[in-house]
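Peer 1: With the hints in hand, could you dock these two chains into one complex?
Chains A and B, in that order, are what the protein sequence lines are. The first sequence begins at 1 in the working numbering and counts up by one. The second sequence begins at 1 in the working numbering and counts up by one.
Keep in mind the hints are simulated off the structure, nothing from the lab. Worth double-checking, as some hints may not be accurate.
Sample of chain B residues lacking proximity to chain A, with all beta carbon distances greater than 12 Å (derived) [unchecked claim]: (1) V88; (2) C91; (3) T166.
Below are the SDA-like pairs computed for lysine to any residue, each with C-alpha atoms no more than 20 Å apart in a straight line [as the list claims (entries may be wrong)]: (4) A:K362 with B:A63; (5) A:K190 with A:S289; (6) A:K251 with B:D27; (7) A:K69 with B:D27.
Note that the coordinates shown come from a computational prediction; the quantities given were computed from them, not determined experimentally. No residue lacks a Cβ here, since even glycine has one placed at the ideal position from N, Cα and C.
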Amino acid sequence: MATEYTVPDTAAKTAAAANQEFETEKMSLAMGPSHPSTHGVLRLQLELDGETVTKCDPVLGYLHRGDEKIAENMTYNQFVPYTDRLDYLAPLANNAAYAAAVEKLANVNVGPRVEAIRVITSEMARVSSHLMGLGAYGIDVGAWTVFLYCFTEREKLYTLFEELTGARFTTSYSRIGGVSRDVPEGWNDKVLAFCDQFLPILEEILKLLTRNKIFQDRTVDVGTISAKDAVAYGLSGPNLRGSGVKSDLRKDRPYWGYDQYEFDVPVGQKGDCYDRYLCRGEEMRQSISIIRQAIAQFPEGSYYAEDARKIFAPRKAKVMSSMEELINNFMIVTEGPQMPAGEVYFEAENPKGTLGFFIVSKGGGVPWRMKIRGPSFCNLSILPKVCQNELVSDVVSILGSLDFVMGECDR
Amino acid sequence: MSEPAAADVTSAIQAKFPNATIRPSGDHPAVNLPITEVVEALQWLRDEQSYDFLVDVTAVDWAEEASPRFSAVWHLYSTTQHGYVRVVADCIDDVDPSAPTATHLWPSANWHERETWDLLGVKFENHPDLRRILMWEGYPYHPLRKEFPLAGIETELPDLEVAAETEAKVIAAPMMGGPFVASSRGEMNLTDAEPRAKDESWTEKSAKPE
Numbered sequence: 001m002a003t004e005y006t007v008p009d010t011a012a013k014t015a016a017a018a019n020q021e022f023e024t025e026k027m028s029l030a031m032g033p034s035h036p037s038t039h040g041v042l043r044l045q046l047e048l049d050g051e052t053v054t055k056c057d058p059v060l061g062y063l064h065r066g067d068e069k070i071a072e073n074m075t076y077n078q079f080v081p082y083t084d085r086l087d088y089l090a091p092l093a094n095n096a097a098y099a100a101a102v103e104k105l106a107n108v109n110v111g112p113r114v115e116a117i118r119v120i121t122s123e124m125a126r127v128s129s130h131l132m133g134l135g136a137y138g139i140d141v142g143a144w145t146v147f148l149y150c151f152t153e154r155e156k157l158y159t160l161f162e163e164l165t166g167a168r169f170t171t172s173y174s175r176i177g178g179v180s181r182d183v184p185e186g187w188n189d190k191v192l193a194f195c196d197q198f199l200p201i202l203e204e205i206l207k208l209l210t211r212n213k214i215f216q217d218r219t220v221d222v223g224t225i226s227a228k229d230a231v232a233y234g235l236s237g238p239n240l241r242g243s244g245v246k247s248d249l250r251k252d253r254p255y256w257g258y259d260q261y262e263f264d265v266p267v268g269q270k271g272d273c274y275d276r277y278l279c280r281g282e283e284m285r286q287s288i289s290i291i292r293q294a295i296a297q298f299p300e301g302s303y304y305a306e307d308a309r310k311i312f313a314p315r316k317a318k319v320m321s322s323m324e325e326l327i328n329n330f331m332i333v334t335e336g337p338q339m340p341a342g343e344v345y346f347e348a349e350n351p352k353g354t355l356g357f358f359i360v361s362k363g364g365g366v367p368w369r370m371k372i373r374g375p376s377f378c379n380l381s382i383l384p385k386v387c388q389n390e391l392v393s394d395v396v397s398i399l400g401s402l403d404f405v406m407g408e409c410d411r
Numbered sequence: 001m002s003e004p005a006a007a008d009v010t011s012a013i014q015a016k017f018p019n020a021t022i023r024p025s026g027d028h029p030a031v032n033l034p035i036t037e038v039v040e041a042l043q044w045l046r047d048e049q050s051y052d053f054l055v056d057v058t059a060v061d062w063a064e065e066a067s068p069r070f071s072a073v074w075h076l077y078s079t080t081q082h083g084y085v086r087v088v089a090d091c092i093d094d095v096d097p098s099a100p101t102a103t104h105l106w107p108s109a110n111w112h113e114r115e116t117w118d119l120l121g122v123k124f125e126n127h128p129d130l131r132r133i134l135m136w137e138g139y140p141y142h143p144l145r146k147e148f149p150l151a152g153i154e155t156e157l158p159d160l161e162v163a164a165e166t167e168a169k170v171i172a173a174p175m176m177g178g179p180f181v182a183s184s185r186g187e188m189n190l191t192d193a194e195p196r197a198k199d200e201s202w203t204e205k206s207a208k209p210e
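Just chain B, same shape as in the assembly (with noise of 0.2 Å):
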């Protein structure tokens, strides 16, 4: 594998940008950075460092009580040098967190960031057409926030004509007590997350009788 050292990405990064510090990784170099300045280290690791495509925008959501709440990470590969590297940075507001665009860098970024916009609602700032992608424009919430439930939460139809003609409504997804297995918020409560039998009509919204 032709792939550069590690240590050689991250301290030219921390060469070049002081602030940068080097994020643990179970793989490819990776370094933190502050959100001011990604923008022009994303362009200069694209035109200094051969880091010329961009794989993957997102953000992580580090739970509600977290701070700082969101981080938004960008993965660049090398198409000559054949290596990636992750670059990470804290959103400054927890409650309506933002990051820069890099779509005058990639014009795939342009999906990117409206899919991590749509699904986790950090704005990228200067985006030029930042609409939802997945779920229909309107829609209020961000699904993959920790806070929204797995079962999903009543919603309007997204055309309010069909809405009103039919009283049809998006509906949180019947879990029958499920999931059945440790969730990412800690110890899984056995009782709690025993199966049910399926003819069993109570769920969460409708609590079983005393």
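In isolation and in its complexed conformation, chain A is listed as follows (with noise of 0.2 Å):
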């Protein structure tokens, strides 16, 4: 016998009669700004319908120094401990792009040495930081051994930096026309003792999620940026690559001598969450690879260029015993390097992307506008695009790939 169900309630009946939905109420989420999946403060006001996000809209400025206001108050050299403070996870990465802004408006050439040093540096930088997203972004969707793992091995390059530069997070080695000190006497054995131990580790560590089916549950096919959509929001770095654009300065318009290095750019096909990562994965590989090569090849001479005797502070022996060099550093301590006018925009390959710097000079000492473009702000700028319809839990994995950082996404 067939059984009749009734629908009690009127309400329902008669919203069925007239087949129209029942009325639901979007949500209004802020994730952030203190929210571990943002990385710092970034807030993303979200509008839900149920677990769908239907509307994203992030509010940046938490961490709004101005910088290019700084900038415009302070002599070129003055500015190169701010450039730590921009993408905080890889100073010695911004100190040498912005270094070398700077030395294209001044037309200095650094020697080869200069160069292969902002190369090594670079690259543990961009080893660093990638080790630092991967092992964040493992936390985010719940791998928390990788974290671990990433971290002691981030430890062992932090130790590095600090023999080098002083310093462990900010490092402000790089000086505008060389770096602040000469590499340390069996420093360059010790970064190589570190890439022969550190590539088992770094498969190790991949291992732990490249074929982990939880991350994978987690990352493929969510997220996905076309190759279009990345160039079209101005996407750049791991992100880009990412999406299946082949598009790295360090190849296509080398600086610092890039192009005597071998190394291969890793491109995405999908550009999924996924694809993100693999590119960081074997960005890393890829850097120890060109560290190598760099230190093998690592060239004599001086660590900071000739021609920018009226730049570069001169050393502290000199100034005492020398009247010529007192007043040469009398001047670049007071009024700073006098700079030709002219507008310069150098863009470095940065960890997160990149870093550029736009830099108008009347001359003097002090540049009459510097404006930073941070990758991480354009990376930033895609979030509403991609987390349309996506789940909640979803954003969470889509923030940790695009492994931004909002010192220089406000600046």
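Peer 2: Shown next as structure tokens:
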């Protein structure tokens, strides 16, 4: 005997009769500014329909310190420590990129040794930044162990940074026209030893994730960005390459003699979170290879450029013993290195993407205007598009895969 | 480097846009364009000249007394030719400058233009969502303008309820006589710029007692 089911609720009945959906209310959720997955102080103002994101509005500026305003009020040399605080996970790379931009303005050619030092330190910064990115990403999607492995390795890198620059975190190592001090004796061998022991551990770290079913479920086909979108939204670095665009300034516009080194530029196929992860993993292998090549042909020479004498503060011993150097030092410190008037733009391929400095100079020791193009700023601008119709839990996964840092996003 | 020769790009632009003039540049090819032709030129550069990547949009304040006071700057990059080009256009109004939006050409222009509006007060016409991005909505100043002091200006807190409760304000940073270097405004006055002892309590606000 067939049972007849009746719908008791009259409201539901009329709605069903009129074939209309129940009115549901959209929920507004503020994710951040202090949320573990926002890796800093980013707030996502989400509009949710159930668990699906219908609108995502990133709110920035929590870490805005006015770096561009500060740059207009100090000499070129004084700004170097501020560049540490842009992408604070790879200060060595920022310092070098900034120095290279000003060198372009001043038309200074640093020697091969400085270039090699910059390549080595920038690649080490890339490894350390990607390790941090991977470790944090692991935590975001529920894999704790990766983080511990990554941090152990990163710690070893920081010990090497400390020996080279005197600081673990805010290195301020590059100077305009050189680096602050030469590579200590035996340091290169320690870097090589690090490379040797790091590669097997890197394989182990990647093994924890690459074929991990849970990790794949969280990342494959999540947050897919097409190559067209990636270019249109100005993505750069592993996020752009993850979408299959083979664009790497180290290959396309080689600086610091990157054309001497052999390395591959990994690109993704689909542009999902998993591809971006794979790109970072491979980039670390390539970076290690570049470091080894650079150390193998480490050139002799000076750690600052001779034609940067009016920019690069002279050694203390010289200042104390020579009148000319004393005056030179005084002028550099008080009025700043005198630059020609002009406009330059320089971008370097940093771990997070291309970090660019646009300098407008009217001459003198202070830039008239300095615009910093933070790659994280551009990388985040795609969030409203890519988070659309994703689940809230996938937003966490997407954020981690973009590997941004608010220091250079908010500046 | 397989960069297209600088002269090629600029002369191609000049052939297409007769009002374009070559802009002195320390590195990449650069042109000045009338602000009315900029969007057309950007679109042409993107579609015909393979400059498919908008690197950056920003503006420069050429000082309060300068006229034209503001210039908008676009940097384009070609992901196939690997070259940059810089397009500069002077904004017409010195008090309330504006520039045309490029958001319909590149979605990435959205945030760059919001930032330029926020920090320099250059209004991008027809921008779909021209809100502040780094400072909070309702902030009364454009901090990267040259007349804005480095220390900042005392302002109400963004949340008026919190402000009423706590009576707190956004205050100017104590500069203690700084900045201690030459500024882009001209020669440094060594007497004024001399660092003072930290424990002295007078600042710009409370003058040194006579």
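Peer 1: Is the Cα-Cα distance between A:K251 and B:D27 20 Å or less?
Peer 2: Given that 20 Å is the threshold and the Cα spacing comes to 19 Å, the pair holds.
Peer 1: Can the restraint linking A:K362 and B:A63 be considered satisfied, given a maximum Cα separation of 20 Å?
Peer 2: OK: A:K362 and B:A63 at ~12 Å, within 20 Å.
Peer 1: Once the closest CB in chain A is found, is it more than 12 Å from B:T166?
Peer 2: The assertion about B:T166 holds, with a minimum of 19 Å to chain A.
Peer 1: For the pair supplied as a hint, A:K190 and A:S289, confirm whether the alpha-carbon distance does not exceed 20 Å.
Peer 2: Status holds; Cα separation ~15 Å.
Peer 1: Against chain A, does B:C91 keep a CB gap of more than 12 Å to every residue?
Peer 2: holds (14 Å)
Peer 1: What's the verdict on A:K69 and B:D27, does the C-alpha distance respect the 20 Å limit or exceed it?
Peer 2: violated (24 Å)
Peer 1: Mind verifying the non-interface call on B:V88? Its CB should be farther than 12 Å from each CB in chain A.
Peer 2: The assertion about B:V88 is violated, with a minimum of 9 Å to chain A.
Checked against the numbered hints above, the structure breaks hints 1 and 7 and satisfies the rest.
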